[in-house]
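Peer 1: Letter by letter, the chains look like this.
There are 2 protein chains.
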Amino acid sequence: MLKAERLQKIVEQIAKDNKVILDDLSLLLNVSTDTVRRDIKELSDKGLLKAVRGGAIMGSQVHPHFKERQHIDTQQKKVIAQKVLEFIKSGQVILANAGTTTTAVMEALPKDITLTVITNSFPIISVLEDYPNVNVFFIGGQLNKHSFSTTGYETIEAIRNFRADICLLGICSIDLKVGLTDFDYQESLVDRAMIETSKYIIALSTYDKVGTSDPYYVCAANGIDVLITEKDPSVADLVGFKDAGILIK
Amino acid sequence: MLKAERLQKIVEQIAKDNKVILDDLSLLLNVSTDTVRRDIKELSDKGLLKAVRGGAIMGSQVHPHFKERQHIDTQQKKVIAQKVLEFIKSGQVILANAGTTTTAVMEALPKDITLTVITNSFPIISVLEDYPNVNVFFIGGQLNKHSFSTTGYETIEAIRNFRADICLLGICSIDLKVGLTDFDYQESLVDRAMIETSKYIIALSTYDKVGTSDPYYVCAANGIDVLITEKDPSVADLVGFKDAGILIK
DNA sequence: TTTCATTTTGCAATATTATGCAATATATTT
DNA sequence: AAATATATTGCATAATATTGCAAAATGAAA
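Protein sequence lines, in the order shown, are assigned to chains X and S.
The opening residue of the first sequence carries number 148 in our numbering; numbering runs sequentially from there.
The opening residue of the second sequence carries number 148 in our numbering; numbering runs sequentially from there.
Keep in mind that the hints are not guaranteed to be accurate.
Simulated pairs of lysine-lysine, DSSO-like, Cα-Cα distance not exceeding 27 Å [as the list claims (entries may be wrong)]:
no., chain 1, residue 1, chain 2, residue 2
1, X, K258, S, K193
2, S, K236, S, K389
3, X, K156, S, K150
4, X, K225, X, K193
5, S, K197, X, K197
None of these hints come from the bench; they were simulated from the model.
Turn these sequences into a full structure, and let the hints steer you where they fit.
Peer 2: Laid out in structure tokens, this is it:
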């Protein structure tokens, strides 16, 4: 049986019974429990179900579409998320922009952490739902159906009413000379506003975005305090940022 | 049975009966009371219920979580949604509050309709994503994890910046003498603000909420223009509203 | 085809988690 | 205070998860 078939059957089962059990699937699909476990993990990463000990159950029915687009570069983003955690302390006020990387960071937070998170990202909201001690403030505005976030005048104005300890900035492009840039004008404005109102800027970028640029300027490279990628800080392309006074992780 | 299933069932029970008893659960779920106790502790840590001697009761919020409410009375809500459609014309500006009924209305909209929708409800956003001609404005504010909506000062202020043609108001309780009331103070304030800034108020209520009341006042019964339930307008309990000048559908 | 790289899969060793039991402690009722 | 019910703790066992690894399968390029 093809792997794709297996995944399909698992999804079908879940739709039918609201749950699947590891051993049952192993028997039904004629593969080891290890494989089933890996399959479930994969589907879980795509947000199609929720992996639990011993099997899987239906994930959140409320916003399934938010999660479906997050399955790109999952591994790198998880590495970045782990690196971010050392900067986040209980009780802080965190401003987070919209993006799959910032969402991955939220997913990596310990379930009992106490924080205030301010964001304009709907996927982040759906993650933080399950964090009882995280106080969430959502920034309103015009819905952007591509980024699943709000933008526009009201969004910018609302951001200016906050002072955050940390700004978590998932970014489109970063280049030592050009600085941070975005391919969406409205989002670049949001990023700017977030940077201006935060004490400490942590930029999150997968390594392939380093050295690239987009049409809309956000800020100079040294406008950020930390740059986090999934690679080791000693990688050649990153040392330039270090020399510019940016902490590389 | 999976542990995750057990936890779900406990939460369901609590939502239904407002309480659970250790021994009952132990029997129902086929696990020792020790395990049930540990499950309850876990859920209690997440804030989903309050552990007490001998079992558990509902936490601070009296009403069940949106995820659970979403699946009750679905049929009635669909009937209501269909009735609402005749009031909604292309090009209008609609203000919608948070609730499973208003969400059901959005789901019933024709996919190609042109509208502007202003809301503080996250589930409505996730529905309207798929409507290419619906311009959506989200009202920011403090996240309320039970209703999946925003409330608070900023929310109220933002609402006041709009003028809507129609206000779709999913309601908690309505009584001819007491008027509209809500069980959540913050949401009652949002409802008030929405009513004040809209030209035409359509209240949506399943029939079982007619004649009931909650602690927080929203507006007088005749403060609304239309009342829509799943029942026929000729039903005895509804004619009183008709006499008060409210259109019943 | 053959070769090489990548992905998939199963296995084994190890770590983690879940569960029931029993001993002890604490609360509640009589 | 005594009796009863419920909680807490530590522990042993079983179930499940994770990790690294090697064999097999698959796919792409020569």
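Peer 1: If you check each hint against the structure, which ones fail?
Peer 2: none
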